[in-house]
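Chemist: In order, the protein sequences belong to chains S and R. Just so we're aligned, residue 1 is where the first sequence starts under my numbering, counting upward by one. Just so we're aligned, residue 1 is where the second sequence starts under my numbering, counting upward by one.
The reader is advised that the hints may include incorrect statements.
[Stated by the list, open to error] Some chain S residues close to chain R (C-beta under 10 Å, calculated; not the full set):
#1 Y154
#2 T184
#3 S194
[Stated by the list, open to error] Over 10 Å on every C-beta distance to chain R, these chain S residues come out as not near it, computed from the model:
#4 M14
#5 I26
#6 T27
#7 A38
#8 E60
#9 D115
#10 R218
What the hints contain is simulated information worked out from the structure, not anything from laboratory work. From a predicted model like this one, the values you see are computed outputs, not experimental measurements. Just so you know, even glycine gets a beta-carbon here, dropped at the ideal spot from N, CA and C.
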Amino acid sequence: MTIKLGVPSKGRLMEKTFEWFAARGITLQRTGSEREYAGAVEGIDGVSLILLSAGEIPRELAAGRIHLGVTGTDLVQEKLALWDQLVAPVEELAFGHADLIIAVPQAWVDVDTLDDLDAAASAFRDKHGFRLRIATKYHRLVREFLRSTGVADYALVDSQGATEGTIKNETAEAIADITSSGETLRANHLKILSDGLILRSQATLWRSRMADMDDADRATMTALLAGLS
Amino acid sequence: MATRSEILAKAASLRALFEAQGAAVVEPPILQPAETLLDLYGEDIRARAYVTSDAMRGEQMLRPDYTLPVVQMHMAHGADPARYTYAGEVFRRQERDPNRANEYIQAGYEVFDRGDPAAADAEVFALIHGALDGLPVTAVTGDIGILMAAVAGLDTSASRKAALMRHIWRPRRFRALLDRYAGKTPMPASRAALLANDGAITAPLIGLRSLDEIETRIAALRADAAEPALSRTQVSLLLALLDVRETMPNAISQLHDLAVDMPAISDAVDRVAAREKALAARGVDTENLMFEASFGRVSMEYYDGFVFGFRAATRPDLPTIATGGRYDALTRRLGQGGEIPAVGGVMRPGLMLELEAGQ
Numbered sequence: 001m002t003i004k005l006g007v008p009s010k011g012r013l014m015e016k017t018f019e020w021f022a023a024r025g026i027t028l029q030r031t032g033s034e035r036e037y038a039g040a041v042e043g044i045d046g047v048s049l050i051l052l053s054a055g056e057i058p059r060e061l062a063a064g065r066i067h068l069g070v071t072g073t074d075l076v077q078e079k080l081a082l083w084d085q086l087v088a089p090v091e092e093l094a095f096g097h098a099d100l101i102i103a104v105p106q107a108w109v110d111v112d113t114l115d116d117l118d119a120a121a122s123a124f125r126d127k128h129g130f131r132l133r134i135a136t137k138y139h140r141l142v143r144e145f146l147r148s149t150g151v152a153d154y155a156l157v158d159s160q161g162a163t164e165g166t167i168k169n170e171t172a173e174a175i176a177d178i179t180s181s182g183e184t185l186r187a188n189h190l191k192i193l194s195d196g197l198i199l200r201s202q203a204t205l206w207r208s209r210m211a212d213m214d215d216a217d218r219a220t221m222t223a224l225l226a227g228l229s
Numbered sequence: 001m002a003t004r005s006e007i008l009a010k011a012a013s014l015r016a017l018f019e020a021q022g023a024a025v026v027e028p029p030i031l032q033p034a035e036t037l038l039d040l041y042g043e044d045i046r047a048r049a050y051v052t053s054d055a056m057r058g059e060q061m062l063r064p065d066y067t068l069p070v071v072q073m074h075m076a077h078g079a080d081p082a083r084y085t086y087a088g089e090v091f092r093r094q095e096r097d098p099n100r101a102n103e104y105i106q107a108g109y110e111v112f113d114r115g116d117p118a119a120a121d122a123e124v125f126a127l128i129h130g131a132l133d134g135l136p137v138t139a140v141t142g143d144i145g146i147l148m149a150a151v152a153g154l155d156t157s158a159s160r161k162a163a164l165m166r167h168i169w170r171p172r173r174f175r176a177l178l179d180r181y182a183g184k185t186p187m188p189a190s191r192a193a194l195l196a197n198d199g200a201i202t203a204p205l206i207g208l209r210s211l212d213e214i215e216t217r218i219a220a221l222r223a224d225a226a227e228p229a230l231s232r233t234q235v236s237l238l239l240a241l242l243d244v245r246e247t248m249p250n251a252i253s254q255l256h257d258l259a260v261d262m263p264a265i266s267d268a269v270d271r272v273a274a275r276e277k278a279l280a281a282r283g284v285d286t287e288n289l290m291f292e293a294s295f296g297r298v299s300m301e302y303y304d305g306f307v308f309g310f311r312a313a314t315r316p317d318l319p320t321i322a323t324g325g326r327y328d329a330l331t332r333r334l335g336q337g338g339e340i341p342a343v344g345g346v347m348r349p350g351l352m353l354e355l356e357a358g359q
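Taking the hints into account, I'd like the entire structure generated from these sequences.
Modeler: Spelled out as structure tokens, the structure:
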């Protein structure tokens with residue numbers, strides 16, 4: 001058997017992950033054609049590279065089909081119930097920083113805190129006859145956060161992309177999304193609630209608690225982790 | 001573990017017991033229109049119920065409980081008074097704990113009766129209590145109506161009372177609001193700044209929430225800032241009320257004491273006392289029955305009076321074996337102009353069999 005390492009299959013996340021491992025003496029690379037998701041590992045034996053969409057890596061870790069995987073804290077916590085029983089963080093990789101936040105129009109000068117959002121949601125529902133809509137793709141995290149902080153009278157609406165535009169398009173009144181610099185938010189005349197930080201996320205190397213290993217795998221894992229820390 | 005057919009047989013025997021009390025058997029559909037449930041419970045219900053959809057009827061939910069369809073059915077064409085019973089599956093989506101069942105059998109009893117509410121409360125409780133006879137369970141009772149009366153009686157603005165009332169079921173925000181109204185926590189800096197300037201809006205106005213709504217809220221915030229702080233006495237009375245946790249006779253005497261300084265709760269306390277008598281008349285040992293003023297605050301929002309629950313004394317890991325309460329306001333919300341006092345309770349035969357097997 002081999003230790004299977006899952007890495008995002010494209011883009012900046014893949015490149016930065018490759019760089020991070022290279023700096024620790026392990027060369028990861030894609031093999032074959034541009035379109036083929038095959039990879040090779042040099043610098044350690046017994047490790048194979050699996051290229052996957054970052055969004056699928058949490059599920060693969062939880063199912064034990066990969067032993068290690070690189071993906072964001074946000075995706076792990078959104079997609080896995082009881083995530084800490086299924087996976088364990090090994091290293092934070094210090095890139096892919098993103099905060100999951102709640103944002104509202106800048107013009108809402110009366111709304112700066114969750115307490116304000118809750119009061120505005122109540123008044124909005126009275127006036128419009130439906131709940132204040134928050135557009136997001138992080139349903140579970142946002143719902144848990146708003147429940148624990150006691151915000152009521154909102155509804156989550158699904159938005160898988162261009163979430164910042166939903167308010168202008170009047171399909172939502174507020175959004176919950178990830179942001180790194182806040183530039184897109186500002187460009188869309190939105191502001192972050194002062195206590196609206198749901199989660200700080202960054203690219204993280206995770207270890208599956210569910211994947212089977214034989215003695216050789218365990219030795220490989222120990223050697224690999226020793227070289228990474 | 002009991003088999004499914006054993007659980008269904010147990011549920012059928014409970015339903016027969018309720019039927020013998022004069023209840024009509026009802027079988028609401030498993031698929032329920034999502035809109036009513038969402039309107040009542042908001043986003044919380046999405047975390048708890050399975051949603052499905054088709055192109056014609058839109059979103060449907062696998063029934064998360066029976067009470068709502070039974071109330072709708074009764075309000076549409078029920079007899080008056082009426083008693084109903086049912087047994088069957090309910091479905092609960094689980095997001096956090098994989099050990100909790102996502103599908104289980106419930107048997108229940110609901111009473112719609114304009115007559116003596118204390119007697120109806122006692123009827124439901126005593127029936128369920130009797131059906132659990134011999135099992136190691138402990139009962140807790142409470143009354144959301146007392147809390148609502150206490151909030152309604154506070155010497156403060158209508159908008160503050162409405163905000164507290166809205167969050168009775170969210171103890172954390174309720175407490176935060178109370179602390180701010182009492183002047184214990186300062187106004188957030190952003191709000192102080194907003195009220196200090198003219199609240200000019202420089203950013204472009206986007207979205208459905210209008211300038212008028214923003215200005216209305218600023219005016220409300222200004223009015224609230226001018227409102228005197230809630231007195232320390234009132235806050236400590238309210239907190240003392242929330243802390244009442246005693247056997248029924250002791251709780252009632254504590255509540256009577258509190259009512260001297262909080263006359264607004266007097267009627268609600270009298271209702272608890274009347275209920276105690278009705279329960280005793282039905283043979284319930286009220287001397288040892290617990291009453292907790294905070295009981296029921298974190299569960300479903302529709303209870304607005306009597307609430308009760310039976311937990312397994314020897315198995316704290318098990319969910320509540322039976323629960324119920326009074327939901328007069330729900331009949332008003334779903335009644336399209338009509339309303340009727342209503343109280344009911346549900347039992348989980350699967351858990352009952354598990355408890356029996358463990359004895």
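Chemist: If a hint holds in the structure, say so; if it doesn't, say that too.
Modeler: Evaluated hints:
1. Interface restraint check: S:Y154 against chain R, minimum CB-CB distance 6 Å, threshold 10 Å, status holds.
2. Restraint check, S:T184 versus chain R: the minimum CB separation of about 14 Å is more than 10 Å; hint violated.
3. Taking 10 Å as the C-beta cut-off, the interface hint given for S:S194 holds, the closest approach to chain R being about 6 Å.
4. Non-interface call for S:M14 relative to chain R: holds, since the shortest CB-CB distance, roughly 31 Å, exceeds 10 Å.
5. The beta carbon of S:I26 sits about 35 Å from the closest Cβ of chain R, which is more than 10 Å, so the claim that it is off the interface holds.
6. Listed as outside the interface, S:T27 is consistent with that label: its C-beta sits roughly 39 Å from the nearest C-beta of chain R, beyond the 10 Å cut-off.
7. The non-interface label for S:A38 is consistent with chain R: the shortest C-beta to C-beta separation is roughly 35 Å, beyond 10 Å.
8. With a closest Cβ-Cβ approach of about 18 Å to chain R, S:E60 is found to remain outside the 10 Å limit, as its non-interface label requires.
9. Its beta-carbon lying about 7 Å from the closest one in chain R, S:D115 breaks the requirement of being farther than 10 Å from that chain.
10. Against chain R, the non-interface label of S:R218 holds: every CB pair exceeds 10 Å, the least being about 27 Å.
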